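So the protein lines, in turn, are chains A and B. Just add 4 to the spot in the first sequence (first one is 1) and you have this note's numbering. Just add 1 to the spot in the second sequence (first one is 1) and you have this note's numbering.
Simulated from the structure, these hints should not be mistaken for lab results. Here the structure is a predicted model, which means the values were calculated and not measured. One or more of the hints may lead you astray.
A partial selection of chain A residues facing chain B, derived with a Cβ cut-off under 10 Å [unchecked claim]:
id, residue
1, Gln92
2, Gln93
3, Leu95
4, Asp118
5, Gly122
6, Thr250
7, Ala251
8, Arg263
9, Pro268
10, Val338
11, Arg340
12, Arg345
Just so it is clear, CB atoms sit at the ideal spot from N, CA and C, and this is done for glycine as well.
Chain by chain, the residues run as shown.
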Amino acid sequence: MTDLLPSTTTATDLAEPTKGRAQGGLAFVLRTIGGGLISMALIVVLGFFMFRVLPGDPVRAMTRDRPGNPEQLARLRAEFGLDQPLPQQFLDYLGDLARGDLGTSYKYSQPVTDLILGRLWPTVLLTGTALVISVALGLWLGSRAAWRHGSAFDRFTTATALVLWSVPTFWLGLIVLMVFAVALDLFPTAGMTSPGGVDGFFPAVLDVAHHLVLPCLTMVAVVYAQYLMVMRSSLLEEMTADYLTTARAKGLREDLVRRRHAVPNALLPTITIIFLQVGFVVSGAVTVETVFSWPGLGLLTYQALAVPDIPLLQGTLIALSSAVVIMNVAADLVYRLVDPRVRTR
Amino acid sequence: MTPTSETPLLEYRDLTVDYRTPRGWEPAVRGVSLSLGAGETLGIAGESGCGKTTLAMAALRLLPRDARIGGSVLVGGVDVTGLSWGKLRALRWAQASIVFQGAMHSLNPVRTVGDQIAEPIRLHSPAAKGVPQRVTELLAQVELPAARTNAYPHELSGGQRQRVMIAMALACDPDLVIADEPTTALDVVVQQQVLDRLAVLVAERGVGLMMISHDLSVLAASCRRVVVMQDGLVVEDGPSDQVIHRPQHPHARALAAAFPTVGDPASRLVEHAEPGPGPTLAAERLTVDFPLRGGGGVRAVDGVSLQVRPGEIVALVGQSGSGKTTLARCLLGVQQPTSGEVRYGDAPLPRSSRRLRGYRRSVQLVLQDPTGALNPRHSVYEAVAEGPRVHRLPGDEAAIVAAALEQAELRPPERFLPVLPSQLSGGQRQRVVIAGALALAPTFLVADEPVASLDASVRREILALLLRLRTELGLGALVITHDLGLAWTIADRVAVMHQGRIVESGPAEEVLLDPQHDYTKLLLSVLPTNVENDVAADPG
């Protein structure tokens with residue numbers, strides 16, 4: 005339709021309302037959340053069927069070390085509901101899910117919900133810290149690099165970021181581990197707390213922070229490049245904007261021109277990317293957590309994969325995918341909040 | 002720092018500005034000496050690339066880093082070319098401010114207008130009290146309600162945004178205001194309001210005004226003295242009346258002639274022609290409603306009937322928001338009318354997009370801004386060949402493209418084929434757009450402000466091209482414009498659109514020389530120079 009009238013037609017002429025424009029604020033929020041819920045429902049369905057088509061008999065895998073007789077196997081099957089026809093299993097799965105019951109782990113023989121909740125906060129701590137640092141670092145370096153486009157600073161930061169980004173996470177993790185934990189012995193090699201525990205609140209916090217440094221560093225190194233690149237290119241596009249000339253003519257310092265006028269505009273496209281990536285970073289934690297034995301959701305997923313522990317995998321899939329969906333919804337809502345043009349359209 | 006009555010507010014002394022390019026230093030301003038005193042008004046006219054905007058930017062040393070400045074620029078007796086950055090920043094906006102062109106882009110889209118007006122006040126007098134009241138006052142001076150303080154730029158119309166720019170320019174009570182194409186994107190009625198506002202403020206506050214425009218008639222209406230620039234030099238300098246009516250330099254004469262005076266037979270290019278054979282493009286009782294947020298609707302087009310006969314040029318004239326673009330979208334088949342129909346020949350417009358394709362081949366669109374309409378990464382060949390490819394025209398593609406370029410007078414075609422739009426001038430770009438339309442051998446063009454973004458001297462060439470295409474190819478056209486002078490130059494018939502209705506239509510001479518409807522009369526009365534004034538001022 006619009007190929008004949010590209011958006012570059014004069015603003016005044018195309019400012020005339022067109023059909024199908026966005027509704028009011030509340031309707032927008034409901035629609036966005038509704039879209040998120042539909043995605044969640046699809047994940048739930050996918051989570052069930054994806055693991056049923058996996059090869060391998062989970063009961064056999066469970067009893068690999070101590071081969072049991074056929075009766076024992078049949079009893080185990082009945083216990084996990086695996087003897088039911090597939091549609092019945094699906095209905096049970098939905099019913100349980102509605103009650104917040106994700107089934108029982110084959111490996112740990114514990115409710116999956118409890119396992120996930122227990123591992124949730126280490127992951128949130130690790131990814132949250134890594135994200136805040138990499139977003140701040142990426143946006144700051146990106147805006148500096150764009151402002152001094154073509155300078156040595158720009159070339160150096162961009163090149164470094166791209167090199168780090170292209171490095172495989174597990175490899176970087178292992179190098180970091182070998183250098184800082186093994187060779188220099190500055191940081192612990194694994195886990196979140198020292199074995200045996202530490203007395204007192206503040207020593208305990210320091211202990212966790214000490215363990216956090218290396219996994220967090222690895223994650224930041226791999227992730228910050230995309231924020232840097234997005235911020236840099238977004239700001240480069242704003243660099244020639246007329247309103248920056250206006251700001252300079254008003255007598256603002258270059259620094260203020262950048263902070264007050266250029267960056268707020270350049271941030272807009274960046275926000276969507278940041279939130280989109282947050283979800284992926286959470287799932288990307290699998291590698292880092294495995295390398296550093298960080299007791300989070302990622303490590304749990306890795307261990308469940310080896311069995312394969314179907315209820316647990318289903319649970320972690322739902323948890324990690326939900327993170328992506330929730331962040332997407334949040335991005336839409338936040339974008340509307342910060343860009344006045346979207347808000348009133 | 003305070004200028005005495007003898008010190009000019011702004012003085013250029015043999016100013017030269019060169020820009021560094023890959024080909025070496027390109028001169029933009031080549032030795033300009035001008036001065037402007039308190040309460041004076043100076044207009045600077047010229048085409049794009051003549052150095053007039055560079056002149057404005059040089060006043061506050063806003064030129065890009067790759068510019069080399071020679072000579073001196075004195076603001077209030079102080080040479081800004083040698084000033085330290087700190088002193089320069091203190092001088093900017095406090096002593097001289099600029100009303101930039103295209104206020105849509107010159108205002109920060111994510112900050113409220115009140116915030117942006119207040120910013121220089123807070124910056125230059127950090128101890129200032131009552132800033133919100135001051136902002137309200139400033140808005141009142143440009144006749145905007147106080148409630149607009151919290152509006153974002155996109156919520157305002159083009160005229161309102163330009164008035165915000167003026168309010169912003171006055172925020173720190175400067176002695177000098179530089180207005181760079183302040184009304185270029187506005188239609189005539191709004192342009193008149195903005196110019197009036199500027200004139201009143203200049204008179205009331207005794208500030209000096211330097212106004213830059215490509216449109217001599219705008220300068221004549223608001224400045225006492227006008228200079229004409231060409232290639233970085235001042236070629237004509239004198240009282241505005243003299244520059245407009247008795248220009249000496251050939252370039253000044255060309256500029257003066259490029260803005261046609263409605264009623265002047267010399268500026269009417271179109272010759273009377275009988276409609277040729279072929280189908281007629283017609284709208285019949287066309288109505289378009291747009292639903293509004295929260296119920297209700299807006300009637301953009303209200304029962305409009307309009308005919309374009311084969312080989313006929315019809316000008317659809319109206320202000321922005323009058324519904325003329327919506328009407329054009331219906332005629333192109335990109336907007337479904339709420340009721341009524343578009344007829345091409347004997348048949349109503351097909352609704353399915355497959356059958357619309359054939360129709361779209363016959364009715365082609367030419368947009369206002371060729372820079373935006375062309376993909377910057379596509380060569381001229383790609384741009385022109387795209388249409389024939391989409392419509393799978395039979396025959397040799399290269400031959401079709403060459404023929405279309407030939408028709409659009411881009412000669413020889415081989416020279417233009419591999420060229421990118423950025424290497425062409427504005428007029429050449431618009432010819433490429435027209436060639437892209439011609440490649441499909443249409444019977445009608447719908448041209449939305451086809452020359453509004455072009456330089457004065459190029460306008461006439463493009464219009465002459467449209468007329469020649471009509472004679473040679475029997476091409477009819479619907480030209481959408483807010484410019485009555487354009488309608489006078491080129492149209493056989495004129496239809497005036499106001500609030501979704503066609504209030505008056507008929508042969509161009511009748512409508513423009515003997516308007517019946519009040520709205521047509523209003524449009525004619527706000528033209529910066531109309532024929533009565535000319536006759537009164539210059540009986541010869």
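Cross-check of the supplied hints:
no.	hint	result
1	Gln92	violated (48 Å)
2	Gln93	violated (47 Å)
3	Leu95	violated (43 Å)
4	Asp118	violated (46 Å)
5	Gly122	violated (43 Å)
6	Thr250	holds (5 Å)
7	Ala251	holds (7 Å)
8	Arg263	violated (12 Å)
9	Pro268	holds (5 Å)
10	Val338	violated (14 Å)
11	Arg340	violated (13 Å)
12	Arg345	holds (5 Å)
Of the numbered hints listed earlier, those contradicted by the structure are 1, 2, 3, 4, 5, 8, 10 and 11.
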